[in-house]
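K.L.:
The residues making up each chain are set out below.
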Amino acid sequence: MKIYRSLVRITVIADKEWIQIRRDTRSLIFALIAPFALILLFGYALTMDVKNVSMAVYDQDRTTTSRQFLEKFSHTDYLHIYDYVSDYSEIDRLIDKEDIKLAVVIPDGFEKRFKSGKKTDIQLLADGSDSTSATVAIGYVKAIIANYNIEVKVNELKRIGISETKVPVETENRIWFNPELLSKNFIIPGLIVIMLSVISALIASLTISREWERGTMETLITTPLRSYELVLGKLIPYIFIGVFGIIIMLLAGFFIFDVPFKGSLIELIILGVLFLIGTTSLGMMISSVTRVQVLSVQLSMVITYMPAFILSDFIFPVANMPLIIQVISYIVPAKYLIIIFRGIILKGISYSLLWTQIVFLAAFALIMITISIKKITLRLPE
Amino acid sequence: MGFSVEVQNLTKQFGKFTAVDNISFDVKQGEIFGFLGPNGAGKSTTIRMLCGILMPTSGVGRVSGNDIITEQSRIKNNIGYMSQRFSLYSDLTVMENLELFGSIYGLEGNQLKKRIEYALDIAEIGKRKDTIVGTLPGGVKQRLALGASILHNPEILFLDEPTSGVDPIMRRNFWDLIYEFSRQGKTVFVTTHYMDEAEHCDRLALIISGKIISMDSPEALKKTLTNGVYALTVEDFISVFDFVSELPYIEEAAIFGSTIHILCDHKVPLKNKLSDDLRAKGVSKFKIEKITPTLEDVFVSEARKLGI
Numbered sequence: 001m002k003i004y005r006s007l008v009r010i011t012v013i014a015d016k017e018w019i020q021i022r023r024d025t026r027s028l029i030f031a032l033i034a035p036f037a038l039i040l041l042f043g044y045a046l047t048m049d050v051k052n053v054s055m056a057v058y059d060q061d062r063t064t065t066s067r068q069f070l071e072k073f074s075h076t077d078y079l080h081i082y083d084y085v086s087d088y089s090e091i092d093r094l095i096d097k098e099d100i101k102l103a104v105v106i107p108d109g110f111e112k113r114f115k116s117g118k119k120t121d122i123q124l125l126a127d128g129s130d131s132t133s134a135t136v137a138i139g140y141v142k143a144i145i146a147n148y149n150i151e152v153k154v155n156e157l158k159r160i161g162i163s164e165t166k167v168p169v170e171t172e173n174r175i176w177f178n179p180e181l182l183s184k185n186f187i188i189p190g191l192i193v194i195m196l197s198v199i200s201a202l203i204a205s206l207t208i209s210r211e212w213e214r215g216t217m218e219t220l221i222t223t224p225l226r227s228y229e230l231v232l233g234k235l236i237p238y239i240f241i242g243v244f245g246i247i248i249m250l251l252a253g254f255f256i257f258d259v260p261f262k263g264s265l266i267e268l269i270i271l272g273v274l275f276l277i278g279t280t281s282l283g284m285m286i287s288s289v290t291r292v293q294v295l296s297v298q299l300s301m302v303i304t305y306m307p308a309f310i311l312s313d314f315i316f317p318v319a320n321m322p323l324i325i326q327v328i329s330y331i332v333p334a335k336y337l338i339i340i341f342r343g344i345i346l347k348g349i350s351y352s353l354l355w356t357q358i359v360f361l362a363a364f365a366l367i368m369i370t371i372s373i374k375k376i377t378l379r380l381p382e
Numbered sequence: 001m002g003f004s005v006e007v008q009n010l011t012k013q014f015g016k017f018t019a020v021d022n023i024s025f026d027v028k029q030g031e032i033f034g035f036l037g038p039n040g041a042g043k044s045t046t047i048r049m050l051c052g053i054l055m056p057t058s059g060v061g062r063v064s065g066n067d068i069i070t071e072q073s074r075i076k077n078n079i080g081y082m083s084q085r086f087s088l089y090s091d092l093t094v095m096e097n098l099e100l101f102g103s104i105y106g107l108e109g110n111q112l113k114k115r116i117e118y119a120l121d122i123a124e125i126g127k128r129k130d131t132i133v134g135t136l137p138g139g140v141k142q143r144l145a146l147g148a149s150i151l152h153n154p155e156i157l158f159l160d161e162p163t164s165g166v167d168p169i170m171r172r173n174f175w176d177l178i179y180e181f182s183r184q185g186k187t188v189f190v191t192t193h194y195m196d197e198a199e200h201c202d203r204l205a206l207i208i209s210g211k212i213i214s215m216d217s218p219e220a221l222k223k224t225l226t227n228g229v230y231a232l233t234v235e236d237f238i239s240v241f242d243f244v245s246e247l248p249y250i251e252e253a254a255i256f257g258s259t260i261h262i263l264c265d266h267k268v269p270l271k272n273k274l275s276d277d278l279r280a281k282g283v284s285k286f287k288i289e290k291i292t293p294t295l296e297d298v299f300v301s302e303a304r305k306l307g308i
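The listed protein sequences derive, respectively, from chains A and B.
Going by our numbering, the letters in the first sequence line up with residues 1 to 382, in that order.
Going by our numbering, the letters in the second sequence line up with residues 1 to 308, in that order.
In case anyone wonders, no lab produced these hints; they're calculated from the structure.
Backbone N, C-alpha and C fix where the C-beta goes; we use that ideal spot for every residue, glycine too.
Watch out, some of these pointers could steer you wrong.
[Claimed, not checked] Calculated lysine-lysine pairs in the DSS-like style (CA-CA distance at most 30 Å, straight line):
1. Lys112/A to Lys153/A
2. Lys2/A to Lys114/B
3. Lys374/A to Lys16/B
4. Lys262/A to Lys51/A
[To be verified] FRET-style restraints, in silico, Cβ to Cβ:
5. Thr377/A to Val268/B: 52 to 60 Å
6. Gly165/B to Ile266/A: 52 to 60 Å
7. Trp18/A to Ser258/B: 52 to 60 Å
8. Lys262/A to Glu117/B: 55 to 63 Å
9. Asp130/B to Thr377/A: 30 to 38 Å
10. Leu366/A to Glu117/B: 42 to 50 Å
11. Ile328/A to Thr131/B: 45 to 53 Å
Work out the full structure, taking the sequences as your base and the hints as a guide.
P.N.:
If you want it as structure tokens, here you go:
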């Protein structure tokens, strides 16, 4: 009888919360449109593929050979020749204006030295202020030149009669799970997790403080309603919103960014719910401690977004961070869900390989829900 | 007949500020008990402690036989509470609010339906049951709050300034309802700062600065007044008021509309003395009559005695 009464109370609180969300356009927009908008924004903005690097060419030689050599740079997606210049000062200017990242300079006498079989130097200038892009772009140029060198040598050997040439060691790459090494495949599942932690904590952080600000809490606490009934009742609608967010973001990832989906959707959602229980309870806990909506929102942004973004292996490898930060990263729940989501979405692995993460998420959910029940005192503040 | 509320030496401090200062009182079952005092006197704080939503700093109390410190959850099943600030859900409809609170109190099915009908009846808003509460006028909201507080048929009703901001006709309706609850055997504990409204109570505690300064039925309170109360009607009452307040044998003078109420000791032959003094001052047209004291007079004289 007692349990039945409790269940009824949990249901009516969930129901009431749902009606309130439905009638509040602001939170509705936030819950339904924000995940989609954010995934679009971040999905397009957060790409780490270095492609279409603009470069300038300064051909001092102006011969057939130099032109043939430069042609190699124009038949690739990775580089694009922005301009042909005839002066070093122009290169300076283009780099300063950030029109180009690279410049190739072919010295006078290139063809002459080349034909006489002497070692021929060319100059490569790179803008090192963006070190990652510069390193990657230099790599592209080196690869193009290496190919060119092999081509030239093979032709030479053919000319002297050796028709079959073999390179002694050759690597054959097979990249699993993300064969084209597209960074979006790596980023989108992580992004879904980050957005999920922010949105779930944020909307939940409004719920208790709103009751205090509007005075409705004062009526609630004079009723026989228990704190766990209030917390569980409020949890239910927000979990549904979170699941809806997961699905929206997965669809956007699948249809807009062509991210493959290899695993089980059901498993993904169940584990997502486990995560949502924790983050939503965290939001509620913040809410019942501050009792002020503005403060709750700010706090939950700081507490969920920053750690989830930086300490979750989302983009920045935690393994490269100082030990103390690595230790702290173990209590960031997004870290575990990112492993789970990447595993299920990209590798199609099932929960049986994810036990460690599941245990951590379950512990987080349990701890958060317990604290938030304890923190909602059904009494007026002193 | 038992007591619905028993309180001994109840004190509440917020930091260094003492909101409720060592008060003791009992409320009989079925009684309409009033707390009369100005804003900030500690009325709401007392009610909140009795409802189990605020911890007392010291003292003991029982509400319907349950301890206000250790048995708060049992108290909550037996009381109805209407807070000073409107605190139902403004974004839900009348019906949704009543269903929510009825269900929280464990009502269901036919019983819930009947009680909601009764509450709608009391609040006289049957026709507006699907209206969003936030769009209702203030007086209607107050009635709805009262209706919601009696959904579960509680033994004791705590009404914190239930009529603040309500027009006089609606206030009268409100008091008719309170009498009705009392007839049904419910205890009503009501706070107010309206002196006239306090006359409706069976028993009254005058409270100021967290202390109960006097407690009895309104009639008895007026009889205990050791001062005589007089009304002085005079044309130029503003300048006369200044003069009268300075006279040594007058304890208190206050402007009531265009008359001046004067409190002074019974033994003083006020009519003669004041008439002489006024004539000496050159005021010739005036009227002095002895009147029945109002609760306000009692309040003022009790407060003076304590030097507040």
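K.L.:
Next pair to validate is Lys112/A with Lys153/A; report whether the Cα-Cα distance is within 30 Å.
P.N.:
holds, 17 Å
K.L.:
Determine whether the Cβ-Cβ distance between Trp18/A and Ser258/B falls within the hinted range of 52 to 60 Å.
P.N.:
holds, 59 Å
K.L.:
Starting from the range 52 to 60 Å, see whether the pair Gly165/B and Ile266/A falls in it by beta-carbon distance.
P.N.:
holds, 55 Å
K.L.:
Holds or violated: 42 to 50 Å for the Cβ distance of Leu366/A and Glu117/B?
P.N.:
holds, 43 Å
K.L.:
Determine whether the Cβ-Cβ distance between Ile328/A and Thr131/B falls within the hinted range of 45 to 53 Å.
P.N.:
Once the Cβ atoms are compared, 52 Å apart, the range 45 to 53 Å for Thr131/B and Ile328/A holds.
K.L.:
Does the structure keep Lys262/A and Lys51/A at a Cα separation of 30 Å or less?
P.N.:
Given that 30 Å is the threshold and the Cα spacing comes to 27 Å, the pair holds.
K.L.:
Would the hint linking Lys2/A and Lys114/B be met if the CA-CA limit is 30 Å?
P.N.:
holds, 23 Å
K.L.:
Does the beta carbon distance between Asp130/B and Thr377/A stay inside 30 to 38 Å, or does it fall outside?
P.N.:
holds, 35 Å
K.L.:
Please check whether Thr377/A and Val268/B have a Cβ separation lying inside 52 to 60 Å.
P.N.:
Cβ of Thr377/A to Cβ of Val268/B: about 56 Å, so the range 52 to 60 Å holds.
K.L.:
Please check whether Lys262/A and Glu117/B have a Cβ separation lying inside 55 to 63 Å.
P.N.:
holds, 58 Å
K.L.:
Can the restraint linking Lys374/A and Lys16/B be considered satisfied, given a maximum Cα separation of 30 Å?
P.N.:
holds, 28 Å
Violated hints: none; the structure is consistent with every hint.
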